[in-house]
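Enquirer: The primary structure of each chain is shown beneath.
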Amino acid sequence: MKKLKNISASLLLTLGAVSCSFLDVEPVVITDDTYYNSEEEVLYGLAGVYGAINNEAFYGNYYSLMLSNTDDLCYYNRTSANNYSVWYQHDASSPEIYDAWTMIYKGIGNANSFMEAVADSEHDSDHKYWNEARFIRAWYYFILAQAWGDVPLRTTAATSPSEVSCPATSQLEVLRWVISEMESCLALADMDLTESPSRVTKTTMWGILARVNLFTAGATVSGNDQIRHDCYGKAMAYADSVIQSGLHRLNPSYSQVFINMISDQYDTEYHESMWEADFMGNRSSSSNWSNGRIGDLIGLMSQPTGNYGEVNCNFSYAQYNGSLKLWNLYWNVDRTDAEMSLEDDEDPHWDARQMWNMCPYNYQGGTLRQGNNVIAEWTAGVDKTPYRESSRTTFDYPTIAKAVRNCGKYRRETIYEGVKGDRGTYTPVNYPILRYSDVLLMYAEAYNEYNGTPSQQAYEYVKEVRDRAGISTRDYSEYSDYESFRDFVRNERGRELCFESLRKYDLIRWGIFVETMHGYISDSQSTDWTGNTSDVVRAMASSVQERHVVLPIPTIELGVNKELVQNPLW
Amino acid sequence: MYRLTVSFVLACLAVLMPATASAQDMQVTGRVTDSAGEPLVAVTVYESGNTSNGAITDMDGKYQISVPQSGILIFSCLGFEEVQESVGKRSVINVTMKEEQLSIDAAEVVSIGYGSVARRDLTGSVSKVDMDDMMKTPVTNFDQALSGRVAGVVVTTSDGSLGAEANIVIRGNNSLTQSSAPLYVIDGFPSESSMALSLNSADIESIDILKDASATAIYGARGANGVIVITTKQGIEGKPKVNFSSSWTYNEISNKVDLMDAYEFVEFQTDKYALSGGTNIYLEHNGETYSLEDYRNVRTYDWQDRIYRPAFVQNYNISLSGGSKEAGNRYNASFSVLDQDGIIVNSNFQRYQGKINFSQNIGKKVKADLNVNYSRAITSGTNPTSAQQSSSASGWLMYSVWGYRPVKPIWDEGSDDEFLNSPFDEEIADASDYRFNPALSVRNEYRKTIQDYLNAQLGLTWTIVPDLVFKATGTYTYQNRRREEFNNSMTYTGNERSPSGNGINGAIYWTNWVTWLNENTLTWTKHIRRAHHLNLLAGVTFQGQTNDYKGTRSTNMTTEALGLNGMHTGNYQTVTPWEYNWRMMSGLFRLQYNYRYKYYLTASFRADGSSKFPRGNQWGYFPSGSFAWNFNREDLLKDSSWLKNGKLRLSWGLTGNNRTTTPYDFYAQIATTPGSGDSYDYVFGGEIVPGYYPANMANDDLRWETTEQWNVGLDLSFFEGDRIRLTADWYMKNTYDLLLQATMPSSTGYETAMMNIGSMRNSGVEISLETVNISHKNFQWTTSFNIAFNRNKVTALTSGQQSLLTSVSWEQRFNSQYPYITQVGKPSGMMYGYVYEGTYKADEFTGNFLKDGIPYMSSVGKDSVKPGDPKYSDINGDGIVDDNDRTIIGCGQPLHTGGFGNTFTFYGFDLNIFFTWSYGNDILNANRLIFENGNLTNLNQFATYVNRYDSVKNPDSDIPAINANGMFVYSSRVVEDGSYLRLKNVSLGYTLPRRVLRKMHFDTLRVYVSADNIWTWTNYSGPDPEVSTRSSVLTPGFDWSAYPRAFGLTAGLSFTF
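Chains A and B supply the protein sequences, listed in that same order.
Under the working numbering, the residue at position 8 of the first sequence is numbered 8, and the numbers go up by one with no gaps.
Under the working numbering, the residue at position 496 of the second sequence is numbered 496, and the numbers go up by one with no gaps.
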C-alpha cells in the first residue's frame, strides 16, 4: 500500500510539474506579435496590402474583366460561359462575385492589420508606409462602393471569429469616408515617381480623388445637388493639381502606353500611366509567378498547336471583343468633315486608338477557300490571321468585320511580350488603373459639370487626347454648350479608355447604363454586325436591368453576416 | 484481516502468515492440479463452515492445513469448479480441479482500452470482429475487410484504388469539416490513421470496436468517433511453431462501362454536325464523301481494353512463434511480402513488412515486452481519382478512356497501331478540350508513393503484489511518405501541347510523422469473497507528434532521359513546406465493479490536455458511467434451459475531439505564399516584393469538441451452446462545440476560421444476430447477420447560418456550382440542384417558340429553348428556372447498412458466403453529366445515350438531345439510387485431417479458393455503387472517374508445423 501511495504521489507530482510547460508547444508559424521587426518586413507587409490587386479575383481577371469589362463598347464573345456575370445573368451566389468581394476585403483586412501593427513602429517613423496602406484601403473601399453600393465599412482589424457581423454603411457614406481618408493621406505623400506606376504617389492620389469625386457626384449615388456640386468641384481641382504638377504627359504613341504594360516597362519619360496593376512573370517558375490573365482572356486569339518556337503571339483565349458602337465612335462620331470625306482605306481616316484597340487580325489560324481551292492558309499562333467575311479579309478590306474583332489592347504578340512560345494562361501583362489621359478627360468633364458650361481650356485638354490619336478635332465652337461638350467628353472617354474597366462605371454614374446597354439590341441587328456574336450580345443586353447598376451581396456573406441585408434591387 | 484470506485471489498474502492449528486437529497436506496435471497455484483451501481456517497452495500446488476429521475441505479457485472433500482419516488429499465450463460470453475476451474483460463483464457497447471469418480469405488491408462485418461500422473505400486506406465511420459522422475517422489503438498506441497499409492482417490477433461513450471515454479526448483496438499476435509458450500462408489472386475488371460502338458514335457525330454545322470529318474528306452505313461494320476501339488488364496478386506470410517457460520468454516474429498488380496497366502495390513481438520475464515480478514493426509500402501507377488538373473534366483519366473516339475515320489509311498510339486526337484537340491518349498516359506516367513505417514499443509490467500491477510503455513511431511523379513527353502534362505549359516535369514530396508516447498505468484488482469484484485503473500518458512536409517540383526539364534525376535541368517551382507539432498529456481513471457477475458498474474519467488549444482551454474532462445487469443470473432465470445469457446495458458519457486543421489554429498568424494563386506578392518598381499578410485570426476560445452519448444495449443468447446470440443497441450522440472550419463573413478579411460552432446529432439502432443452425459433429452451419440504422442531423451551424453549400472541383463548368448542401435540421451533405422533369417535347412549342407559361431556364432564355432540352422544375413558380429553384435532390447517407454471412463446415471442408449491403443512399453520378451530354464534339458517350431525344427518331425520350441547352447544371437527372446488395465473398477451404497431418509433421494445413466481388444487385447505372470519389462528410456519394473495382479469384494455402 505504501508503494502505491508513493507511486501515485510521484505521478501526481510529475503531472503537476510538467503540465504547464509541456503543453506549450512553440508553433512553427509566424505569429502576428513577432513580425514587423525591420523596415524590410514593413515593406513586405505593405506589399501584402497591395498584393490583393494582383489576385485573379481582382485585377487579374474577375473584377477587371468579368465584372467590369462588359459594357457598351466591350462584350464577351463566346456562346457559352462558366461565369454568368459576363452576360448579366449572375445572381448572388455567382462565385466570381463572391471571390472578387472576398479578395478586395482581404486587401482591406491586410491593410487594417498592417496599419495597426506599424502605427507606432520605429521602422516606419515617418508613417509613410502606414500612409500608403491607408490610401490603398480607401481605394479598396471605393471599388467596393462603386460596384456593390452599400457595404460594410470596417476600419479595424477583425481579431476574433466570434465578433464578425457588421452592418452595411450607405454607399454615399462610404464614398465620403473614402474621400476624407484619401485627402488625409495627401500630407504625407511623395511626389517622387521612382516606383510609379506600381506604387501610388501624390499625383496618383489626386487623380484617384478626382475619380472618386466624379463617381460620388454621379446619378446613382444618393447625394443631393449640393454634394454633387461640391464633388464636381473637387474632381476638377484634383485633376487640375495633377495637370499643374507637370509630372505627367501623354506619350506621343497611344499604342506605346500599352506596349509598355505588355513588356513590363515603365515609361520614365512621359509617365502617362500613373498607376497599374503590375503583373510580372508567366509562371515559368515560382520566382516568375503571375496571377494575371490579362492578354490571355482579353487579347488576340492565339491557340498554337505545338510549334511553340515559331509563334508570334503567345497563347490567348481572347474572350472579349470591341462592339459595333466602339467601331462607330472611332469611325464616324466626332470626326471632322474633312476626314469623313476621305476614302475608307486612306490612312488619315484612322484613329490610332482604333488600329490598336480593334486590331484587324488575330492569330487564330485558318484556311480561306474559294470553292475547293485554298487561297490562303494561316497557322495558329504564327500567322496574323485576318477576320473574314466570305472570301474577303480584313487585310484587303480593312473596314469589314467591324463588330467581331478581339480587343487588341493587351495583345500577347511576342515582339512585345519578349518571351516566345509561352503556353501559359497567366501573363506578365499589366493593367492600367489610372492614366494621365483619363485625368485630362476628368478635368474636362468635371469643369463642364461644375460650371454648367465648358471652357476653352477644358476643350484643349480633350483635344490634347485626340491629337495624340492622330485625328483632327472640330472647333471649340461646336462643343461650347454644356450638352454637346458633355457628349463629346463621354464619347472621348469611350474611345480613349475602352477595355480599361472604367466604362461600365462611367455609364452608371452618368445614369444611362441600362438604356445604353439595351443599345446592343438594335446594333446587333445591323448588317454591319456580321459573325455569330450578335445573338450572344442581344441575349446579354436583354438581361440588363436596373438592378445591374450594383452587384448583389454574395449569398455566403449574407449567410454569416447577420447584420447585412441584400441590396434592395436584388 | 484474517477473514480476507478466504477470498481466493488476495489470499496469497496469507501465505506470509503462519496458520494457527489446534492440537486435536489433524494435519492434512496435498497437491492441487488441473486436469492436465499441472500444479495450481494460489488455490484457496478452507474448512467448510469455518472460513477463518484456510490455506493457499504454493508454487508447486501444495498446501498444508489443520482440520478436524469431521471437517470438509473446500478447494476454490477462480475459473475452476469448486471441489469439496471430506477429510476423514486421510492426511494426504490430492485434488484435481476441473475448469469451469464457460459460455462464449465468459470466455471471449474483449479489449476495452488499457485492459480487457470477458464479454460477460462488458458494460459498454463493444463489437469484436470475428477474425476467423475475416481471415478465411486474404486481405491486403484489414480495414477493407471490416466492411459489413460489424453493425454500425461503415467502411467505405472511395473506389478500387490500390493501397488506399478505407474510410471508416462508426455510428455516423460527428464532424462536418474535420475528420470523422475513429481513433485506432494498435497494441496500445493511439493513432488517427489506421496504418492499414503498414500492418499485415495476418499479424492481427483481434480487432475490437469500441462504440459507446462508456467504452470510448477512457480515450476521452479522442474517443468521440469511436475506437478501434487492434492487438497483434504474441508468442505462445511451447515449442517453436512455424506458420506459413500464401495466396495467389487473379483480378479482372468486374464491370466495364457500356459505350457507344463505332457505328453509334458516327451516327451521333453525324447528327451533331447536322445541328452544329462544320465538316463531318467521318463522312467527308478531301472532297470524297462516305456514308454512315460504311461504318456499320468497322472496328470499335474500346479504350477500356487498352488500360485494363488481368492482374495478379501474390501474398506470402511466414511467422515463427514460441516461448520457453524456463527462460521466461515468448516470441512471435513474422515477415510478409505482398505484390499486387492493379487492373489498370502499370499500377501496382507492394508491401514488405516484418514484425517481432518479444516478451521476457525479468525475475518473478517484472516482464518486459518489445514490439517492433517495420514496413515499406509502395504504390505506383496512374490513379484515375487524382487529376492532372481539376479545372477541366479532361484532366481525369476516365474522361479520356470513355470519351476517346472509338472509331478511326474510314478514310484514315494509318494502321491500327498508329491510331492507338497517337498522343492526341488530332481532329479535336484544342486547348480547352485537351484529350490525351489514355493508353499512353497510363503507360508513361510515373507515379510512385513509398511509405516507410517503423513502430517500436517497449513495455514493462511490474506486478508489485499479485493484484496490483504497474505498467509503463514507451512507443516511438516514424513514418515517412515519399511521393514521386515524373511526366515525360508522352504524358498528359509533359507533352508540349499540354495547356499546363509545364513541359517535361517531375516532383518529389516528403511527409514525415514522428510520434512518441509514454503511458503509465496502475491496475488494482480485488475480489471480495465471490461477491464483489473490483478493478481500478489509474494512469497518466504523454504523447507528442511532429509532422512535416517538404518537396520540390521542376518543370520544362530539358531532358527526359534521366527521369526525376533530370530535375536540375528544369525550372524549380514552389512547394510550400510546413511543420506541425503537438503534444498531449492525460490522466485517466476507471472503476469496474460487479456484484456476483450480476450487477455491473463502470465509471471512468479522463482529463486530457492538448497543445492545440490556447492556455485555459487546453484541458478537457470526459466522464462516463455505465450499468449492466446480467438478468439471466437472477434466480428466476438461472436454470433456464432456453436463456443462456441475458444482459441489459445502459451507458452515458462524454468524449472529445481535438482534430483541428493544424495544431496552430488558435494563433493569429502572418504568412506569405509566393508562387501560388493565393499570393500577395506585389511589384514595386519592377521588382517582385514578397507580400506578407495576416493569414489567420486568433481564437482564444478554441476548445475541445464534445460528444455526449447515451446507449442502451441488450445481449441475449439462447439454448445450449449459444445457438442464437443477439445483440441490439440503441444510441444517441449529440456533438456540440463542433470543431468547424467555419465560414466567416469575408468582409472581415478572412474566409474561414477554426471555431467551436454548430452541433450535430446521430442516433440509431444496431442489431447483430449469430445463429448456429446446425451443429453436428461433422456438419455445422452458422449464420451471422448485422444491420445498422443511423440518422444524422445537423442541429446548428455557424451562428444563425442555415445552410452550408459545398462545391466539388472536377470540371470548370461545374466547379462554381454547389452540388451539396448541409442544412440545419437535415442530414449533412445532401445533394442539391434542379429537379429534372424530362425533356421539353414538341407539343410544348408553338412554331419554334416555347408556349407561354412553360418554365424555362433563365440562363438559356425563352427564345433559345428547343424540344429535347432538359426541363427542370420551377420550384418557386415564378415562371423561370434559376438559382432559386435549386433544391435537395438526394441524400448520400444510407438508411441502413449491414452484412450477412453463412459458414458451413463439413468434415474438413468449410464454405463461407458473405454479403454486404447499403440501402437508401443516393449517388450523384457525375460521369453522366459528361457522358450523357452530347454537347462535346467527338467525345464518345455511354451506350445509354443512343436513346437520346431526337425530334424524328425518338421524340418521347427523356434523355436530352444533342446540343441541348442547360446541360451543365447538377440535377436529379444524374442522382441515382445507390442501394446495393453485394455478394462480396465466397470461399471454400479444406483442412486436412489431423491423422494425415501428423504423419506429415504438420499441425494444420488448409487450402482454399475464394472469389471476391462476385455479383452486385443494384439499380445504379454506373460501374460500381460502392463509390464515393470525394469521400467527405459534406460530399458523400460523388462518382467521377473512379478506379474500377476488381473481381478476384484466389487460391491459397496455409500451414503450421
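Simulated from the structure, these hints should not be mistaken for laboratory data.
Backbone N, C-alpha and C fix where the C-beta goes; we use that ideal spot for every residue, glycine too.
Take these hints with a grain of salt, some might be off.
Here are the simulated EDC-like pairs of lysine to aspartate or glutamate, each with C-alpha atoms no more than 20 Å apart in a straight line [to be verified]:
#1 A:128 x A:40
#2 B:862 x A:40
#3 B:777 x B:910
#4 B:851 x B:956
#5 A:562 x B:956
#6 A:420 x B:485
#7 B:233 x B:133
#8 B:866 x A:535
#9 B:550 x B:496
#10 B:256 x B:302
#11 B:862 x A:91
#12 B:89 x B:133
Which bits of chain A does chain B cover? Going by a derived footprint, with three or more residues having C-beta under 8 Å, they are [said to hold, decoys possible]:
#13 72-78
#14 101-112
#15 363-372
Enquirer: Please go over all the hints and tell whether each is borne out by the structure.
Expert: Verification of the supplied hints:
no.	hint	verdict
1	A:128 x A:40	holds (13 Å)
2	B:862 x A:40	violated (59 Å)
3	B:777 x B:910	holds (14 Å)
4	B:851 x B:956	holds (18 Å)
5	A:562 x B:956	violated (48 Å)
6	A:420 x B:485	violated (28 Å)
7	B:233 x B:133	holds (17 Å)
8	B:866 x A:535	holds (16 Å)
9	B:550 x B:496	violated (28 Å)
10	B:256 x B:302	holds (10 Å)
11	B:862 x A:91	holds (18 Å)
12	B:89 x B:133	violated (55 Å)
13	72-78	violated (count 0)
14	101-112	holds (count 8)
15	363-372	violated (count 1)
The structure does not agree with the numbered hints 2, 5, 6, 9, 12, 13 and 15 stated previously, though it agrees with the rest.
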